[in-house]
Each structure stands twice: as structure tokens, then as C-alpha cells.
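Q: Protein sequence lines, in the order shown, are assigned to chains A and B.
The opening position of the first sequence corresponds to residue 1 in full-length UniProt numbering, with each subsequent residue numbered one higher.
The opening position of the second sequence corresponds to residue 1 in full-length UniProt numbering, with each subsequent residue numbered one higher.
Read the hints as simulated data drawn from the structure, not as lab findings.
Backbone N, C-alpha and C define an ideal beta-carbon position, used for all residues, glycine too.
The reader is advised that the hints may include incorrect statements.
Covered stretches of chain A (chain B as the covering partner; in silico rule of three or more C-beta atoms under 8 Å from a C-beta of chain B) [unchecked claim]:
#1 122 to 135
#2 144 to 151
#3 175 to 183
#4 372 to 381
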Amino acid sequence: MKKKLLFLIFLILLTGCYDRIELEQQSYVMAIGIDTTDQKGIYAFTYQIANPEVGSAAGQGGSDEPPTEIVTVNGADILSATYTANSFVSKQITLDHTKIITVSEELARDEDFLRVVQSASRSPQIRRGVQLVVTKENASDFINNNKPLMEKRPHKYYQFMLDRAVQTGIIPEATLHRFFQITEGDADLFLAIYATTESSEDKTNTTRTEDQYIAGEIPQIGGSPTQFMGSAVFKEGQMIDILNGEETRLAQMLDNTLEMDSYIATIPDPLMPDFRISYNYAQKEDPNINVNYHKDKPTEIEVKIPFQVEVIAIPSLIRYSQNKEFEHILKKSITRRLEDKTEALIKKSQEEFKSDPFYWSLYVRKHFKDVKDYEKADWNKKIYPIAQISVNYQLDKLEYGKMIDDSKLDKVRD
Amino acid sequence: MQNNGFLRTKEIIAITLILIGIKLSDSTPTLLAQKAQNGFWSIPILSFVCIFPGFLIMLYLLNKYQDKNVVELFEAINGKWIGKILGIVLFLCAFLSLTLDSRNYIEQIKLLYFPQSPTDMIYFIFIAVVFFGAKKGIEVIGYTCWIAIPFIKVSALCVLLLVMSEIVIQRIFPIFGAGLPIILSEGVKKASIFAELFFLLIAYQSAKKNTMFRKGITFGTVLAILEIILFYLVYASVFDYNSIEKIAFPYHDITQFISFGEFFTNIETIFMVFWLFAAFLKFIIFIYITTWIFAEIFAIRNFEPLLLPFSFLVIMIGLLPMNSATNELVLRETLLTVMSPIFILLPYILWLTAWGKGDLKQ
Numbered sequence: 001m002k003k004k005l006l007f008l009i010f011l012i013l014l015t016g017c018y019d020r021i022e023l024e025q026q027s028y029v030m031a032i033g034i035d036t037t038d039q040k041g042i043y044a045f046t047y048q049i050a051n052p053e054v055g056s057a058a059g060q061g062g063s064d065e066p067p068t069e070i071v072t073v074n075g076a077d078i079l080s081a082t083y084t085a086n087s088f089v090s091k092q093i094t095l096d097h098t099k100i101i102t103v104s105e106e107l108a109r110d111e112d113f114l115r116v117v118q119s120a121s122r123s124p125q126i127r128r129g130v131q132l133v134v135t136k137e138n139a140s141d142f143i144n145n146n147k148p149l150m151e152k153r154p155h156k157y158y159q160f161m162l163d164r165a166v167q168t169g170i171i172p173e174a175t176l177h178r179f180f181q182i183t184e185g186d187a188d189l190f191l192a193i194y195a196t197t198e199s200s201e202d203k204t205n206t207t208r209t210e211d212q213y214i215a216g217e218i219p220q221i222g223g224s225p226t227q228f229m230g231s232a233v234f235k236e237g238q239m240i241d242i243l244n245g246e247e248t249r250l251a252q253m254l255d256n257t258l259e260m261d262s263y264i265a266t267i268p269d270p271l272m273p274d275f276r277i278s279y280n281y282a283q284k285e286d287p288n289i290n291v292n293y294h295k296d297k298p299t300e301i302e303v304k305i306p307f308q309v310e311v312i313a314i315p316s317l318i319r320y321s322q323n324k325e326f327e328h329i330l331k332k333s334i335t336r337r338l339e340d341k342t343e344a345l346i347k348k349s350q351e352e353f354k355s356d357p358f359y360w361s362l363y364v365r366k367h368f369k370d371v372k373d374y375e376k377a378d379w380n381k382k383i384y385p386i387a388q389i390s391v392n393y394q395l396d397k398l399e400y401g402k403m404i405d406d407s408k409l410d411k412v413r414d
Numbered sequence: 001m002q003n004n005g006f007l008r009t010k011e012i013i014a015i016t017l018i019l020i021g022i023k024l025s026d027s028t029p030t031l032l033a034q035k036a037q038n039g040f041w042s043i044p045i046l047s048f049v050c051i052f053p054g055f056l057i058m059l060y061l062l063n064k065y066q067d068k069n070v071v072e073l074f075e076a077i078n079g080k081w082i083g084k085i086l087g088i089v090l091f092l093c094a095f096l097s098l099t100l101d102s103r104n105y106i107e108q109i110k111l112l113y114f115p116q117s118p119t120d121m122i123y124f125i126f127i128a129v130v131f132f133g134a135k136k137g138i139e140v141i142g143y144t145c146w147i148a149i150p151f152i153k154v155s156a157l158c159v160l161l162l163v164m165s166e167i168v169i170q171r172i173f174p175i176f177g178a179g180l181p182i183i184l185s186e187g188v189k190k191a192s193i194f195a196e197l198f199f200l201l202i203a204y205q206s207a208k209k210n211t212m213f214r215k216g217i218t219f220g221t222v223l224a225i226l227e228i229i230l231f232y233l234v235y236a237s238v239f240d241y242n243s244i245e246k247i248a249f250p251y252h253d254i255t256q257f258i259s260f261g262e263f264f265t266n267i268e269t270i271f272m273v274f275w276l277f278a279a280f281l282k283f284i285i286f287i288y289i290t291t292w293i294f295a296e297i298f299a300i301r302n303f304e305p306l307l308l309p310f311s312f313l314v315i316m317i318g319l320l321p322m323n324s325a326t327n328e329l330v331l332r333e334t335l336l337t338v339m340s341p342i343f344i345l346l347p348y349i350l351w352l353t354a355w356g357k358g359d360l361k362q
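With the hints as constraints, model all of the structure from the sequences given.
A: Dropping the structure here:
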């Protein structure tokens, strides 16, 4: 009797092995690329699969396997394509650890884009924290060309690269979670990361400064060919335009749901425009966004942005720190420049995009009793494009770094 | 029989918290959001307002008719036959909620953690564990709940803290979601999301002192409702009004989404352990009190042998719906809507009858 019972217990326990799968039998996909094909409804899916042996302490003993395996298959959606891919990938493809989904610009601009990316949200395997990257070339080319020199392990590479770029604000934080919220909310614009491995021919244009590029335009020499810069603008789940790094930064500064601490930028020296002053822009407080909704006249949106500046370099050697009047001019020109740039971006969004990339529809919602009223008022058709927007930058603090004064040019060269 | 009456206030609180409070992590929020969009977090408040006065009347009546549990109370007030019919209604409500709820939990476990395993197998193992737990009797259950509650609540608190950065408060606006009339009517219609309180009354005698039971269950309910509202607010402000109604299991979606720093990214299994533990406890309590109600109606004094056939029935009936969407959005919704008027009105009817008979005068 006891033996029978024991046998039964073990039988029950064994059913726990249905989902048992050894680590060794799984291959972890780090990046998924999606491209269009000639056939409607069929897409090319590229999977970058990490080799867990590379870069781990255990695998030091001269494993000459490559760090990743990249495969491309055609299929209707992400999950069914993984099964096709499994016909030539030896291990079971697992999407749990996917870091980014890259999409070619061609597909992102296609109206069917939402259909293919929807299938990602349905699967419990793909997390809502996956970042969405739009690439200038085909996503499969992007993944294949992306050969990081310093960081061979793909999961670390993507994580470090994106974290760093998001910190400096040149690309937005673009999780799938945010994509669906904004797209389903049907009011604002979603910004996805823009990247490429192809450099553009237009590199002669050196008049632009540090962040006025989009990916591919940065005149780099050496290093990995991959550039993450700027953002792809999505309206109603379809890509409509590209913002450069500078505009992306501004958009993130105005968006309270995104976090960006500080970045370094330059402005022409107000007193000697041949030189540029570089400064560290920091935003310690969230901007104050106030939306006064009016039913029958244009809505007023007031934005106040407190910020701090630390001047890093003054190549013109003008003594801004010593002279109250000069300092005032500098303050004014920094504020003015930020305001001008922001106004230009807002104008562009009102006139070209007819909606905002700042997630400001959140602030008008409290003026409505229920969703029906709110949707009837129609943020991106009736409210935002004609709204009167005033942006005020308020400089809280101006520091000069660890040097009070620069060396005096006339004294050095006497 | 283990229901000799040695539960104390803290164990009653723990039982109530687990039975009611776990509603924050199943599909109930989605069910409510389907109708009320982002205003769904206020529905539990309304439901609570609808059902709680009646529940207090029940406690008052139980106090008046000393030494009786809820089924005996029905019989004492309405006579043997009507009392038994009321008992059967109570039992059917409890049993159907039990089966539909359990299917919902099985679907969560399967979809999120064991996608390859067949549903019936997970169901069988889950209910088997529940059966062995329930077999231990109400005192062991109560004590286990009391021990488990800190772990379960701390894990929920961790989820709350980690998701903090994703919350955008403005998303709770427009404040009435799909509209005030819808929220009001849904609040009344879904009042029975607290129906478990009435089922728990069967255990009235199991506390050391009656005051302990009353104090424990009242306090536990208030805590649970606060917790539920807090989590629903978080769901509404993390997802948006269009997204929340599409997400079947918001709690699990959140645990998948959050990460603990940059190194610990796929951490949902940690929370799954505690959630699963809470789910086991919930169904242990649930299956135990359902069987108990049944036994009281037919005056079966030693009812624990009944647990096995009931567990089996739960699996068989629970497997009937085609998929979790039908189970949740059609069957469970209908059941909640049908149960609500019963539980809102029943206490007042009982009270009036008792008052009419002059039983309340002593």
C-alpha cells in the first residue's frame, strides 16, 4: 500500500516536468529585426541569438565560437516565425530576454506596421520593457552590420548603448509599453529610437554642432559603424517623420513622463560669435505644464521649465564670471536660444505633425468628466494644432565649473 | 472536526485579507475596466458601500442569535424549509464563484509560467494541493494564513515600490472613466466581488470569541478594500484607459515589466512564488468554507470527507468553459451580476423578518 502511494506521489510530481527545459537547450534572442517582404502580410524576421559561452568566465578556455548567431526567416508574426527559425537553429528559441525590436524605416512608415507589432504584445514571452528601434536600412542589415568592437556580448552591448544614449537624451526611451499607451491613447506622438549602421553621404555639412544630427550623419572616424541618434516620430502607429538629436532632447525635456538629467550643448558666444560656449544643461525639477482648456477658443498651454547651467568652456576667454553685464547677456542668450529652438519644435509639431510628441494630452484630461467627452474634444485634431503655447525657460543657477577665470590671453602673449 | 473554535482576531484578519485582497492580482480589474475604463478603480468603493452595511447587519443578527452559523441563522429566522433554500442559494453562489475563480487562476498560471503544460494537468495539481491543505481544517488554515500574510504583502509592496517610476498620475483623468452612470451601475452590479465575506460567515463559530470574529473580519475587509483600491489606482495610472481593458492579468504584466536595477531584469518569478502561495491559500479557504456551507445545510457533522468529491467537481466544472475569456468576461461577469442583488438585499430581508417575529427584542 505504502509503495503504491509513493509511486502515485512521484507520478504527480513528475507532471511538473512538462515545462522543464534546460538552459543548454535554449537560445536567447537579444534583438529581433522586422522587415517588409514582397508579399503582403509576410515579414522577414531576423533574430540575433546570444552565445552564452562568450564573455562568461566559464567560457574563457579558448572557445572560438562567434558571440552571436543571426538568422532571418519569413513569417506572419514574431512567434510563428520563431518556430520556422527553429528548423535550422538547434536550440529552442526563447524571446524572454529580448532587449530591442528593430524595424526598418520602410516598414515603420507602412500602415500595416501596427498589425505586426501587435503580435508582440500578445505573447507573454516578449516583455513590455523591450525598446523599439527604427533603422534607416533594413533591420536585418542593421543587425548584421552591427559589430561592436569593445562589447562582444550582445545583451550588454544593447543595454549599455541604449542606457547611455537615453541618459544624454539624444534618443528617447521607447519601450513597447509606451508605444502601446500612446498609440492606443490616440492623442500624442510616440518617439522611437532612430539608428543606423549606414553612414550618409552628406557628411560635408560641418556647420552643425554636437546634437543636430540624425543617425548616420555624424561624421565619425573609426569605431563601430552603428549610430543611435534622433528619433522616429510615430502618429497613430505609423512613422511620419524623424527628429534630430537636438529636437529629441527638447521633446524629452518637455515631457514629464520621461526622465533626462543633463546633457552638454554649445551655443555661439554672444559676444564673439566665432567661438562657441559649451555648457552642461541640467533639469532638476520637472517642467510645470498648465493647460487651460477652452471649449470655443484656442486652448492656452503654459510651460515653465526651470533649469540649471554649468558653463564648461569659454574658448573666447571673455570673463563672463567677473562681469555682471556680460553674465546677464550670457544668461539671456542661453535662455533665448532654448526658447527659440523649443518654439520651432512646437511649431513644427503643430503645423506638420498636428499633434505633440510631449505627451501633453495628459494635462488636458482633468478638464473632462469622462472619456467620451475627452475623446469628443479631440486633442490631436481640435485642441493641440491651434493651441496657444508659451514656453518659459527659467534659469535657476549658473555655475562656472571649477575654474573661476580663464587664463588671460593678453597676459600670456605679451 | 477541527472547527472547535480557537481562531483569534489576527487569524481571521489574515483569512479575510487573503480571500478578498488577492482580487487585486487576478482578472477582476480587467473585468471592471471593460465597462468603466480608467474610472474602474472607484467601483470597489461603491461595491463596498453597497454591501458593507448589509454585512454588518448579518454580523449583528449572528450576534443576536448566539451560537449559530449563517445557515443555522437562516433556518432560525425563516423556518426550516425557507432557511434551507436560502442556504442552498448561498452554497450555489459560493460553489460557482469557486469554480470560475479557480479556472481564472489556472489560466494565469498556465499562460504566464507553464505555457507547455496542459490546462487540466495544472488544474489537477493545483486542486490536489488545495485539497490536502483544506483537509487540515480551519485552524491550520487560519494559522498558515497568519504566517504567510507578511511575506505575501511584502512582495506586493515591493511590486508597488518598483513600479512607482512608471506611474503617471494624470492618467486617472478623466476622473469618471467611461462615465458616472456606468460607474454607479457597475458599482451596484459588481457588489458581489465582496460576496466571499458572506461565505466566510459560516466560520462564525470557529473563533475563540464571537467578538474576535466580528472585529477580525471587519478590520480585514477594510484593509483589503484599501489595498484593492490602491492597486487599481496603480493599474489605471501605469496602463492607460485604452490599454487596461486589453490586459488580462495586470498584476503579472507589471511584474514582467519592472526590473530591479539593470542587472536583475527578469524578476517576475520572485513575485510569482508569493502570489502562487496566496492563490493556494485562497482556494484552500474557499473550498473549505464551500464544503462547510453544504454540510451545514444537510446537517452533516463530519464534513471533511466531502472535500474530495467537491475538489473533483471543481476541476470538472471549472474545465467546462472553452477559454479564459469566456470564463472571465461572460460567465464570471454574469455570475457577479446575478449574485449582487442577492447579497445586497438578503441581510435586510432577514433583519426585517427577525424584527417582525420579535426575535430582536431580547
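Q: Please check whether the stretch 175 to 183 of chain A has three or more residues whose CB lies within less than 8 Å of a CB on chain B.
A: This one holds; 3 residues, not fewer than the three required, reach chain B with a Cβ under 8 Å.
Q: Tell me whether the statement that chain B covers the stretch 122 to 135 of chain A is true, taking a Cβ distance below 8 Å and needing three residues at minimum.
A: Contact hint for the stretch 122 to 135 of chain A vs chain B: holds, 4 residues under 8 Å.
Q: For the stretch 144 to 151 of chain A, do at least 3 residues have a Cβ located nearer than 8 Å to some Cβ of chain B?
A: Three-residue rule not met by the stretch 144 to 151 of chain A, so violated; n is 0.
Q: Between the stretch 372 to 381 of chain A and chain B, see if three or more residues pass the 8 Å beta-carbon test, and mark the coverage as holds or violated.
A: Coverage by chain B holds here, the residue count being 3 at a Cβ distance below 8 Å.
In summary, the one numbered hint that this structure violates is 2.
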